[in-house]
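These protein sequence lines map, in sequence, to chains A and B.
Residue numbers for the first sequence follow my numbering, beginning at 53 and rising by one.
Residue numbers for the second sequence follow my numbering, beginning at 27 and rising by one.
Read the hints as simulated data drawn from the structure, not as lab findings.
A virtual CB, placed ideally from N, CA and C, is assigned to each residue, including glycine.
Mixed in with the good hints there might be a few duds.
Okay, the calculated beta carbon distance ranges per label pair [as the list claims (entries may be wrong)]: (1) Ala287/B with Ala284/A: 26 to 36 angstroms; (2) Gly68/A with Asp55/B: 37 to 47 angstroms; (3) Leu94/A with Glu147/B: 14 to 24 angstroms.
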Amino acid sequence: MRVADVRARLERLGSGVTFHVLRLGFASRFLGYLVVHSGTALRRFRLTMAQVYFAGVLSLIIILVSGMFVGMVLALQGYETLQRFGASESLGVLVALSLVRELGPVVAGLLFASRAGSAITAEIGLMKATEQLSAMEMMAVDPIARVVAPRFWGGFISMPLLAALFSAMGIFGGYVVGVQLIGVDAGAFWSQMQAAVDLRNDILNGVIKSVVFGIAVTWIAVYEGYDAPPTAEGVSRATTRTVVTSSLAILFLDFILTALMFTGGNHQ
Amino acid sequence: MQQSSGAQPIVEIRSLWFGYDPARPVLRDINLEIPRGSVVGIMGQSGCGKTTLLRVIMGALRPSKGEARVLGQLTNALDVQGLYAMRRKMGMLFQFGALFTDMSVYENVAFPLREHVALPEDLLNDLVTMKLNAVGLRGAAHLAPTELSGGMARRVALARSIALDPQLMLYDEPFTGLDPISFGVIVRLIRELNDSLGATSIIVTHDVQEALGVVDYVYFMAAGRVIAQGSPDEIRRSAEPFVRQFVNGSSDGPVPFHYPAPGYDADLELAAS
């Protein structure tokens, strides 16, 4: 390989890294500005509640159905393994811990990114492309305060609630398959779950994860929408980037949070 | 444009330069004055810098050199709060209306009032109804923007832009894509609203013939400069070749029909055969 080729590749790599670091910097400033200018979204709370409906309530069907199926599959797979060791009564613990600690926040986050994150990006991007945001600025209304902040806080509120509902529905799915279909003892299913699932170490940590994922997904979604080139192609690419970046961010953050929460001997 | 009275012009631009890249200025040494109460056209070919000039006037872009004084304030020096305070006295009609698609016609017109003025709902309702009546669309208040024709959407956007009774109205290509009836309605509304509100209007357009019928004065732009100015009659009689080509709609002239390209023979590879 010639020296010129190596140099060209290094330059491309350098400019790629610089571009992404710059973008992260702009996105961070955007988030800071958004939080500082959230007065309108919090004072006129119905603006935020409308977005809770849009991002949260309208995502309910996909979240509840997915939660149910994930719980049912967990029960089938878990029973298969547990019964080999004569521990099929622990099925409730396995289903609940898997959902509350891990699958609830992560899968609900991935579904939230696909369903609500993409919609938020597309909506803000199209508002920009059709000059609705410029029109707002010309009416002396800050579009970040009026349009972006309510969507951010709407997502922030919705995501932990959706993750909780996902986990609850998953546990119900696990109960239907484990107790009703397979015949695991209902008392053992519920009592072992109650004894083993810890409020702080399991449930609270799961809630913290879902809050962090909610912030990450809605931050990425609103920034991508606001930053999208005002063309059909630009909005389409931004929407795709939201789903891809959010999904990777959720999986990366999940690893970091799990490492911090459930290692180092801080768990019983 | 010369002032008819001693009043300060509502827009005053002095030796203004602007460029996204300093090496390639989009606006070059612009000087203009727009007196209160007038309807002024800024005309020229697409890409000549007229929309950029409008964005400088509305404070969305800051001049690289020179100064822009709008409503008595130097826009160069305004911070965001100052800019927003100035824009409350301005209205703007965007090329395709830019209506909020998640709101009804009524809510679109009510939007600036709800955002800036704490009015009782019945008073707000009266104001919105009056603004919609002024553009002839009182009966369309309940419709969604997607149910409107292009001309109707432009009229709703006009009603929204005059909701706060602006002193200065800006129109960005207001005639684009309108049928003759809608066009006639918009022309009449621009003049009537300007006169009844006691406002001043700036129309940025490349629809020269149509605009000459409604404006009091014209600034003609080419390649980022003002190359001609005068009353509509003076512009029609102008000897400036570019203005003549534009007013007459000639396909060839100072603005060539062909985009710069290598020789036609070379492209068709005639020399090789």
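Hint check:
One distance hint, 26 to 36 angstroms for the beta-carbon pair Ala287/B and Ala284/A, holds here, with the actual separation near 29 angstroms. A hinted range of 37 to 47 angstroms for the beta carbons of Gly68/A and Asp55/B is consistent with their spacing of about 40 angstroms. Judged by the Cβ atoms, the range 14 to 24 angstroms given for Leu94/A and Glu147/B holds: they are separated by roughly 23 angstroms.
In terms of the numbered hints stated before, the structure departs from none.
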